[in-house]
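Dock chain B against chain A, hints included.
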Amino acid sequence: MAVLAALPEALASAVHDGDSVALEGFTHLIPHAAAHELIRQGRKELTLIRMTPDVIYDQLIGAGCASKLVFSWGGNPGVGSLHRFRDAVEHGWPRELSIEEHSHAGMVNRYVAGASGLPFAVLRGYAGTDLPEVTSSIAPITCPFTGERLTAVSALNPDVAIIHAQKADREGNVQLWGIVGAQKEAVLAAKCAVVTVEEVVDELTPVPGAILLPHWVVDWVCEVPGGAAPSYAAGYTERDNDFYVRWDAVSRDREAFGAWIAANITEAE
Amino acid sequence: MSTVHSAEEMMTVAASRALAGRRTCFVGIGLPSLAANLARATCAPGIVLIYESGTIGSKPDRPPLSIGDGSLAETADTVVSSAEIFNYWLQPGRIDTGFLGAAQLDRYANLNTTVIGDYRRPKVRLPGAGGAPEIAASCQETIVIVRHTKRIFVDRIDFTTSVGHGDGPGARERLGLRGAGPVKVITDLGVLEPDPETRELVLVSAHPGTDPADAAAETGWPLRIAPDLATTDPPTPGELGALRALNS
Numbered sequence: 001m002a003v004l005a006a007l008p009e010a011l012a013s014a015v016h017d018g019d020s021v022a023l024e025g026f027t028h029l030i031p032h033a034a035a036h037e038l039i040r041q042g043r044k045e046l047t048l049i050r051m052t053p054d055v056i057y058d059q060l061i062g063a064g065c066a067s068k069l070v071f072s073w074g075g076n077p078g079v080g081s082l083h084r085f086r087d088a089v090e091h092g093w094p095r096e097l098s099i100e101e102h103s104h105a106g107m108v109n110r111y112v113a114g115a116s117g118l119p120f121a122v123l124r125g126y127a128g129t130d131l132p133e134v135t136s137s138i139a140p141i142t143c144p145f146t147g148e149r150l151t152a153v154s155a156l157n158p159d160v161a162i163i164h165a166q167k168a169d170r171e172g173n174v175q176l177w178g179i180v181g182a183q184k185e186a187v188l189a190a191k192c193a194v195v196t197v198e199e200v201v202d203e204l205t206p207v208p209g210a211i212l213l214p215h216w217v218v219d220w221v222c223e224v225p226g227g228a229a230p231s232y233a234a235g236y237t238e239r240d241n242d243f244y245v246r247w248d249a250v251s252r253d254r255e256a257f258g259a260w261i262a263a264n265i266t267e268a269e
Numbered sequence: 001m002s003t004v005h006s007a008e009e010m011m012t013v014a015a016s017r018a019l020a021g022r023r024t025c026f027v028g029i030g031l032p033s034l035a036a037n038l039a040r041a042t043c044a045p046g047i048v049l050i051y052e053s054g055t056i057g058s059k060p061d062r063p064p065l066s067i068g069d070g071s072l073a074e075t076a077d078t079v080v081s082s083a084e085i086f087n088y089w090l091q092p093g094r095i096d097t098g099f100l101g102a103a104q105l106d107r108y109a110n111l112n113t114t115v116i117g118d119y120r121r122p123k124v125r126l127p128g129a130g131g132a133p134e135i136a137a138s139c140q141e142t143i144v145i146v147r148h149t150k151r152i153f154v155d156r157i158d159f160t161t162s163v164g165h166g167d168g169p170g171a172r173e174r175l176g177l178r179g180a181g182p183v184k185v186i187t188d189l190g191v192l193e194p195d196p197e198t199r200e201l202v203l204v205s206a207h208p209g210t211d212p213a214d215a216a217a218e219t220g221w222p223l224r225i226a227p228d229l230a231t232t233d234p235p236t237p238g239e240l241g242a243l244r245a246l247n248s
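Quick mapping for you: the protein sequence lines, in order, are chains A and B.
The first sequence begins at 1 in UniProt numbering and counts up one residue at a time.
The second sequence begins at 1 in UniProt numbering and counts up one residue at a time.
Just chain A, with the same shape it has in the complex:
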């Protein structure tokens, strides 16, 4: 049953050192405020899971919160590299980061399997690529009906899924729309779900194409207006594309990055 709480309280209760955590979102509704709170709380040894790790994973990795990344595309969308992610993989700074790497189709099917209570999912994928050689959660499988060779990927069941959505009601029913990525699958696959929302309202009104997550599959709901910025929440805020461009220079340099984290997260008022 969903509990409405302040973000620091919800995350202190939901996320522990060593947990596997999926902060999902496909360049829309990225839970920036929640990621910053994890850094503020000094979480360590997290396994971070995400199809498209972007700036918030760069920040969590650079701040030393993560020991492993499970992902399918790690970049600053439309800009280029994630320099803190690269520094961790290329030089082990600020600590070694192990990686488990997939394609988007593989990652999303891992969430689907997790949400469906299955140990694995099947897809046409990876054949001829080098990914199965480096990723143990990819394996060939034979169709029992046709004999066709296909690919299996193991289920993902994160300890915690964290997403940002547009609205919740006071019971904790959550509504999100626009580009909805793999958020529903991540929430249903996870053992615990934390949702930040733009606003909590008395009654949810239907929106075309919206997903509704019933209150009984959500553990925590936190009202955090602007909690996706500099990403965006369709209907509420615009994407701050300039921030993503500026992040390139901040994240290239270890000191500039450290100063940014201090000024904007750990020592921010």
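To be clear, the hints were calculated from the coordinates, so they are not data collected in a lab.
Hints should not be assumed to be uniformly reliable.
To be verified - Computed Cβ-Cβ distance ranges for the label pairs, DEER-style:
1) B:Ala213 <-> A:Gly235: 52 to 60 Å
2) B:Pro237 <-> A:Gly258: 36 to 44 Å
3) A:Gln41 <-> B:Pro237: 58 to 66 Å
4) B:Met1 <-> A:Asp240: 28 to 36 Å
5) B:Ser248 <-> A:Phe145: 50 to 58 Å
6) A:Pro208 <-> B:Asn247: 27 to 35 Å
7) B:Glu8 <-> A:Phe243: 21 to 29 Å
Unchecked claim - Computed, partial: chain A to chain B, Cβ under 8 Å:
8) Gly75
9) Val108
10) Val122
11) Arg124
12) Thr129
13) Arg149
14) Ala234
15) Arg239
Owing to the predicted nature of the structure, the values given are computational and were not obtained by experimental measurement.
We treat Cβ as the ideally placed atom computed from N, Cα and C, and that holds for glycine.
This is chain B only, laid out in the frame that chain A set:
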């Protein structure tokens, strides 16, 4: 408007022309997105552009910075989840053309977007696969757009992220890949196509003002040049105007 075009503009125009007659295109961000939107403004007005963020039929006025930009969703015919875009739309082979870029490419148009150097301690860690492996596997055909440099056109790619023509004739069939694979590689110097027999890339057209020797010099294997090498038609004023309007 200056009618003098840059090599970059020639590349984008040539890539847009490759979409003439196509009904649906799965679009990567960056150069593919710019070329696909130019095609929509010129030779393929009805083409359905599909982005891996789940937007189907996007009609942005400006090329988006990222595949999640609001304009892609707001102008789309429909927006679907990640599971749906890959499982229902891409995987069954419904999409005519996949449009991809790469950090490295070999003579069979196999693509690397994962690492430069050793996988465990890479010299350069690239973003990774994203949707590319399944776009390369499942679209009816793919078109690759890359700058023509020795850094990209290498003898051996450091990691196979997405399969082109594998190790040559019959490779895709042996791997069970149902799409035809790369049909064109479009660069700032010319257009390459796989040889129908060997599947090795052959330079079939050189852009105006470039010498096929330039392309050969920027290729990390002995580049084959078609005996009937064509010269690419330069951008028309209409194409250039539409491209510059998109970029303005």
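Structure-inconsistent hints, enumerated in ascending order: 2, 10
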